[in-house]
Structure formats: structure tokens, C-alpha cells
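Residue numbers (numbering that gives the first Met the number 0), protein chains in the order written: chain A, 0 to 328; chain B, 0 to 498.
Rather than coming from a laboratory, the hints here were simulated on the basis of the structure.
Given the structure is predicted, the values throughout are model-derived calculations rather than measurements.
C-beta atoms are modelled at their ideal positions from N, C-alpha and C, and glycine is treated no differently.
Fair warning: there could be bad hints in the mix.
To be verified - These stretches of chain A come out as covered by chain B in the derived footprint (C-beta under 8 Å, 3 or more residues):
id, stretch
1, 181-194
2, 204-218
As the list claims (entries may be wrong) - In silico DMTMM-like pairs for lysine to aspartate or glutamate, Cα to Cα no more than 25 Å straight-line:
id, chain 1, residue 1, chain 2, residue 2
3, B, Lys367, B, Glu409
4, B, Lys438, B, Glu419
5, B, Lys41, A, Asp202
6, B, Lys393, B, Glu431
7, B, Lys219, B, Glu163
8, B, Lys46, A, Asp202
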Amino acid sequence: MRLHPMTLRILALALALLATVLFFSTQIDGYLSPRMFTRITTSAAVILPVAVGQAIVVITRNIDLSIGSAVGVVAYLTGDLLGSHPDLHPLVVALIAMGLGAGIGAINGVLVAWGRVPSIIVTLGTLALWRTFLVQYSDARTITTASLPQWLVDLPQANAFTLLGVDVRVTVVLAVLSAAAMGLCLGRLRAARRFFAVGSNPDAAVMAGINAGVVVFLAFVLSGALAGLSGFLFLAKFGNITVVAGMGFELKAVAAVVVGGVSILGGSGSMLGVVIGTVLVDTIDNSLTRWELVSEFWRDALLGFLIMAAVTVDTFMSRQLTRFARKEG
Amino acid sequence: MTVLDLQHVFKSFAATAALKDMSLAILPGEIHAIVGENGAGKSTLIKIMTGVHQPDRGEILVGGAPVVLRGTQDAQAHGIAAIYQEPMVFPDLDVAENIFISNRAEGALMNWRRLYAEAERLVEKLGVKLDVRRAASGLTLAEQQTVEIARALSLNVKVLIMDEPTASLSAHEVARLLDIARALKAQGVAVIYISHRLDEIFQIADRVTVIRDGSHISTKPIAEVTPDGLVHDMVGRAIDTFAVKTEAGPHGAPVLELRALGRTGVFHGISATVHAGEILCFAGLVGARRTDVALAVFGIAPATEGAILIDGAPVAIRTPAEAMAHGIAYVSEDRRKMGLAMTLPIFANISLASLKKLMGLFGLIDRKAEGQMAETYRKQLAIKSPDIGVEVGKLSGGNQQKVMLAKWLETKPRILIFDEPTRGIDVGAKAEVHNIIRKLAKEGVAVVVISSDLPEVLALADRVLVMREGAQAGILPIAEASQERVIGLAAGHDMRGAA
Numbered sequence: 000m001r002l003h004p005m006t007l008r009i010l011a012l013a014l015a016l017l018a019t020v021l022f023f024s025t026q027i028d029g030y031l032s033p034r035m036f037t038r039i040t041t042s043a044a045v046i047l048p049v050a051v052g053q054a055i056v057v058i059t060r061n062i063d064l065s066i067g068s069a070v071g072v073v074a075y076l077t078g079d080l081l082g083s084h085p086d087l088h089p090l091v092v093a094l095i096a097m098g099l100g101a102g103i104g105a106i107n108g109v110l111v112a113w114g115r116v117p118s119i120i121v122t123l124g125t126l127a128l129w130r131t132f133l134v135q136y137s138d139a140r141t142i143t144t145a146s147l148p149q150w151l152v153d154l155p156q157a158n159a160f161t162l163l164g165v166d167v168r169v170t171v172v173l174a175v176l177s178a179a180a181m182g183l184c185l186g187r188l189r190a191a192r193r194f195f196a197v198g199s200n201p202d203a204a205v206m207a208g209i210n211a212g213v214v215v216f217l218a219f220v221l222s223g224a225l226a227g228l229s230g231f232l233f234l235a236k237f238g239n240i241t242v243v244a245g246m247g248f249e250l251k252a253v254a255a256v257v258v259g260g261v262s263i264l265g266g267s268g269s270m271l272g273v274v275i276g277t278v279l280v281d282t283i284d285n286s287l288t289r290w291e292l293v294s295e296f297w298r299d300a301l302l303g304f305l306i307m308a309a310v311t312v313d314t315f316m317s318r319q320l321t322r323f324a325r326k327e328g
Numbered sequence: 000m001t002v003l004d005l006q007h008v009f010k011s012f013a014a015t016a017a018l019k020d021m022s023l024a025i026l027p028g029e030i031h032a033i034v035g036e037n038g039a040g041k042s043t044l045i046k047i048m049t050g051v052h053q054p055d056r057g058e059i060l061v062g063g064a065p066v067v068l069r070g071t072q073d074a075q076a077h078g079i080a081a082i083y084q085e086p087m088v089f090p091d092l093d094v095a096e097n098i099f100i101s102n103r104a105e106g107a108l109m110n111w112r113r114l115y116a117e118a119e120r121l122v123e124k125l126g127v128k129l130d131v132r133r134a135a136s137g138l139t140l141a142e143q144q145t146v147e148i149a150r151a152l153s154l155n156v157k158v159l160i161m162d163e164p165t166a167s168l169s170a171h172e173v174a175r176l177l178d179i180a181r182a183l184k185a186q187g188v189a190v191i192y193i194s195h196r197l198d199e200i201f202q203i204a205d206r207v208t209v210i211r212d213g214s215h216i217s218t219k220p221i222a223e224v225t226p227d228g229l230v231h232d233m234v235g236r237a238i239d240t241f242a243v244k245t246e247a248g249p250h251g252a253p254v255l256e257l258r259a260l261g262r263t264g265v266f267h268g269i270s271a272t273v274h275a276g277e278i279l280c281f282a283g284l285v286g287a288r289r290t291d292v293a294l295a296v297f298g299i300a301p302a303t304e305g306a307i308l309i310d311g312a313p314v315a316i317r318t319p320a321e322a323m324a325h326g327i328a329y330v331s332e333d334r335r336k337m338g339l340a341m342t343l344p345i346f347a348n349i350s351l352a353s354l355k356k357l358m359g360l361f362g363l364i365d366r367k368a369e370g371q372m373a374e375t376y377r378k379q380l381a382i383k384s385p386d387i388g389v390e391v392g393k394l395s396g397g398n399q400q401k402v403m404l405a406k407w408l409e410t411k412p413r414i415l416i417f418d419e420p421t422r423g424i425d426v427g428a429k430a431e432v433h434n435i436i437r438k439l440a441k442e443g444v445a446v447v448v449i450s451s452d453l454p455e456v457l458a459l460a461d462r463v464l465v466m467r468e469g470a471q472a473g474i475l476p477i478a479e480a481s482q483e484r485v486i487g488l489a490a491g492h493d494m495r496g497a498a
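Input sequences plus hints: build the corresponding full structure.
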């Protein structure tokens, strides 16, 4: 049987994850424990929605660097809102958070799709703008657990179910569900296939009667909404929100996406890959803090290295593929 | 009953009339060939039929009813689609998805099983073997075309326009494409077949229309035309704008010699000698790979076979720097992409290839000398601009061409290659550029001109090398180069006896 390149990619990724876990289990005492599983999954759950959103944007041949600030702004504003309106229904709170994020994404989307400004510039700008907005708005106040309703404070510890003595938290289920839903949409919804078409060949997409502007705009709105969900999970997990909330999430999300096999040139990628990529990036991130041999300040360097390695492998492989195709033809 | 009918269509771009009183009637289930010289208006005609452009005047009828086509989607809705020489596919999507990407009739959810089954059915209908689950990125050009044709079929087209579909296909693939065209015809689809290749047209067309200078010249059943007659209809123009050269000018020793020059898969077997003071013109239809020969000589896409000799000695040219070291200059056809830095001023563009000469103290550029250099050329070539500090992007096409020429003249070339030197510039500037080229030759430069403009070729050349599909179709002294002879060679039909 011939393996699809994407299947191959995901298998390789799963193997890399397994190798990483095995490696750290020899380095860190008590690594293969239910506690460590919970620690890594709950931490990855906060990143996963932004990574999924980032993947959609990257598939359309764009990038969203503003999500770090978007997560921070949404987490802070939502926490602030709960301080004054503690009786809001949890579902309403989550929807408000996603709505805020979608609004931030819509601004990016308009500028990229119709303003024709390259997405890297637009979102680099909004990354800085929203962070400054947060600093000004917060006036150096910190959201604390004390001002949050009890259900939110309890949410990170809430168990969805226990499997073989391993706890799976509600937040993890929420994050995985959002990824699964997006994965299903991208694979099954006819309209969602346009994200791939626009990223794969923008000229041909227009010739095929696809409104590329709307498609790119929607990708940014989705990315924003999912950043909103991440902001909500961030608020729940940490409780204390300062002006640096969500800083550096863009790096983690881009790393998760490219490691997960989404082509940085647009047009291809799978949600399963993004999920594994996120878990891999977060496993490394969390394990490094406990590894005595290496200072945890190397975490960012390793993330950077992972991004470059993943893209280098991609470029190399696609070059080989083109050469192969040419020989055949 | 016609399936598509154009009546008295006019279309102009700025001051240029691209289509003049064009009428064309297409019958259901016929293969209708359209032929014409470079710039005869074929591209505009296609764009009118596919809704990319709207006619200034005149009517388009589909199935007898007048319609307005506002875009490709509109045209598709009326059953008109086109495939091009360079297919438009989505490399990351699989074949089946590529086929159905424009299909709006389906539901909101993807039914992958049905999608693949439908795609297989369509591909089978074309009599082709193709794995519909493969990603489009690995497909050959011919296979990509098949995908596009299947896409058109999925939209239930009644008229399929094929624009130079065989220009980059191998003989075997051409045969298969012609079979596909016949299969479409058998299903009642009208095929509009646009090609430079007369042999293909005589193989499959039911009727053939000749267009020239944006006007309809003739439409006849294929049985009533001969290749000679078609070529005459395609040319049929009296040259009045430029005097035709009848005799080669005097010239000196051989400077540039090409011996069976080739580049794998692009062109092959080009042999010619250019003497000092001689102008050699490359004629041929668009896509005959003339520019690729120039790119090989200039080292941008080096030759892989044959030899280049300069002053009788073989040389290896692998980069533009090496070509320039041998005294070769190449004035590109694409001013925007390969020729000029549009945002830089005139003087910086002119000095770009000769900065070494301007190095002064500590290797810094001597701005005064740079200015003088530019000023000299502004006067000599009559570049119309208030001063040499104007951004090149703000000049007219003709003046941009002169700036580019100045840049290369400053390198004091012995061999000067012009690629479409007058494309997109007005008649006055054209005559000036021609005079500059003639003057350079008179001064002893070996000149090569690539031109798709036949009157220009006949006005400049001492000898004409005609290319066809990457090969040398013939090389004629100017005295033997009639319009008919050149066009005939370019289209694969030598009219030696007939002319």
C-alpha cells in the first residue's frame, strides 16, 4: 500500500513525540506519571485553539502574529467583565471571549483582505497595538482569582473523566473538541475547502470564481475567535492576569503549526497534525523546565530551532518531490 | 442554430483597437479552429468570450439569445469555459477536488465517495487514465490540462475554448489531446481550437477562421482551405510603416557563433553566425522559445548542449557576469522584471551595470561622473525627461526602453541582444529605437534582435532566423525573407515554391 505523504508526516510526528517522551523519562524522575500527563495536557489545551486558528490562516498563505496580544486582551477583558458581572452564565462568558477575539481578528482580516497589506505587517502591528492597549487599559491593575466566580476558579481542576487512573480535564476536552470541530469542517464542509484553494493557487482560485478576499477575512476572524477561546482558557488556568498575559503565544502557535506539517507556503495541512504538533511543542516546553541539565531559558531557543528545522525539512522534501515529478513527466 | 455567436464586436484598450467589427458563429459539436499572427487579437477574442473583458460595442449571443458576460463565472454559467497553455490547477488539492472546485450545484457537505466516483466518471468520459485521488502537484502539464477539461465538463459546458493547448506538449501528448477534443465533439460540445500549428488544425478542425489585425478575415470548412491559403490570409498586409530592407548591409568578421546550441527540454539545434556590423533577427510565433536562446547566450539559463564561439574561440558562459565579461549585453523584453529598477532615478539605472568605472576615492561612487554619464545618454538617445533624477517608473515605455539601452551601451558591448525592443511603445519612439539599433550596427556591434513584430524584423534584419517550437525552422538572407516565407516557416509550412 502506498502511504499518502500527509499520513507519513503524521506518523513521523507521532514517532517524534514518542521519542521525546521516552527521552525525558530517562532524564526526569517520575516523568511517566498521571500528574505529568495532566500538567502537559492542561498546558497544551490553552495553546491548542490558537494553534488551530493559526493553521487556518497559514493554509490561506497568510500568518497571524497578533494572537499573543489577542489572548492577553481577551483574558484580561473577560476577567474584568466577570469582576463586575459575576453572575454571567459560563457559556455566555465563553461566547463573549470568542466574540472579542473575533472582533480583533476581523480588523486584521479587513486590512489583509481588502487593504492588501501583507499579513505579516498587519499582524505585527496589531500585536504591538493590542499589547499597548492592554497596558493602558489595565492601568497596572492585575485581575486576581479573588475577583473571579468560583466556577471559573474550579474549572481547571474539573475532571471530564478518568481513564486508567489518568485524569482528563474539562479544559482539555474543550480544546480537543474545538480542534476536532475545525478538523471536521475543513475536511467535510464544501465552503471550507476554499481555504485550501486560495492558499494553494490564489490566481486559479479567482479564475474558479472564488471570492478570495472573503475567504482570507474569514480565516482571520476564525483565528481571532479561537484566540478568544484560548484567552478564556488562559483566564481559567491562571486566574491572575497581568499585562504580559499571552506573551509569546504567537511563537508557540507558529511552531505548533509548522511542526504539525501545515505548509508555511499555504494550501495544505491537517488538524490532527496541528494537535500532535501542539502537544510535542508543549511537551518539550514543559519538560525543559524540569530538566536539570539545561537551563529553562533555552526554551525559546529550542522553539525557534524547531520552527526552522520543520520548515527546512518541508522545503527540502518539496524540492525533492518536484524533482521527482519532473523526472516522471 | 448557433451555440455561440459574436456580432460586430469592437474592443479597444486606450488608443489601440484590439478587435474591430469581429463576428464569429460557433455551431454545436463542431471543432472550430482560429488562426492569426502574433497580435491579431486572439487573446482579446478569448477574453471577450470568457467574460474577462466586455465588448465596447457589438453583441454576444448564446443559443440565439443576447447575453452580457460579466466574468468567468458568468461565462461558465452560460456554458462557456476556456483552458490555457499554462493550466490553472491547485497543486495541493487532489485531482477530484480540482475538478469540482467551481461547482456550486453541490450541497454544503463534501461527499468524498461521490466526489471521487463522479471524477472518475468524467475522466473516463475523456478516455484518459488518471488517478483522481492523486495530488495535482505531481501531474504533468498534459494531465493538468485534462483536469481542467474535466472541470469544464463538470460544469456542463457547451463551448470549450482551447488556447494554444499543445504549445508545451510532447507529440504523444498532443495526439491524446486531439483525441480528447474529438471525444468532446462526440458529446456535442463545441470546441474552439486556437493554435499556431497548421498540421493539428488540418487534423481535427471542421471549420477554420482567420483573423488579422483584430478583424474577421474568413471562415471556411477545412476541406476548402489549403495551408498556403491560410498563411496568405494570416499575413495579407501591405507593409507601409517601415521600409523593408532588401539587401544585407556590409559587415566584418564573425563575432558570435552558435553551433547546434540547445538546452535540454527547452530548445535545440540553433546554429548561426553574427558578424560585426550585422543584424540577425530571430522571428517566430510567441512560444517558439526565442527568448530562451538569448537567456542561454547571456548565461541566465545556460545552454546544456552545443557551443558558443566568440571571435572563433569556444567560450563557456554560465552566468550573466561571464557573458558581460565577453562583451555581451542583453536588453530584456520584460523591462519591469528583468530590466529596470523602477523606483530608482534615471542616472542610477544607467550606471548600474558599469559601477566599477565610477569608483573613486575609497571605492565610493563618483556622483559627478555618474551624472555626466547619464546626461550624455539623455542627450544622445533623446530621453524625454526634465532631468536625470526622475524615477524611471514615471517615464513612458519608449523612454524606459532608452534608459535600459543606455545602461547596456555604457558597458561598451560588442554583442548586443535586443528582446522585443519596441513592445508596448508608440510608433515615433519605435522609429527612434530602430535608428539607434541601425547606428550601433554601423559602428561595428554584432546585433541580435528578437521580435514578434514581422514588419520590424523585415525592416532591421540582414538575416532572419525563424524558430518553431524550440528548433531552428530556417535561416534566410533578407533578400529571400518575404512575410509569407517567414510566417510559413514559423507555422511549420515552408512556402518556398508558393511565394
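Status of the hints after comparison with the structure:
Coverage of the stretch 181-194 of chain A by chain B holds [criterion: at least 3 residues with CB-CB distance below 8 Å; count 6]. Residue count for the stretch 204-218 of chain A with a Cβ under 8 Å from a Cβ of chain B: 5. That meets the three needed, and the coverage hint holds. Distance restraint check for Lys367 of chain B and Glu409 of chain B: the Cα-Cα separation of roughly 16 Å lies within the 25 Å cut-off, and the hinted pair is therefore satisfied. With a CA separation close to 18 Å, the supplied pair Lys438 of chain B and Glu419 of chain B stays within the 25 Å bound.
Annotation: proposed proximity of Lys41 of chain B to Asp202 of chain A holds, straight-line Cα distance about 22 Å (limit 25 Å). In summary, the hint linking Lys393 of chain B to Glu431 of chain B is supported, as the alpha carbons are separated by about 20 Å, within the 25 Å threshold. Proposed proximity of Lys219 of chain B and Glu163 of chain B is supported: the alpha carbons are some 20 Å apart, at most 25 Å. Annotation: proposed proximity of Lys46 of chain B to Asp202 of chain A holds, straight-line Cα distance about 16 Å (limit 25 Å).
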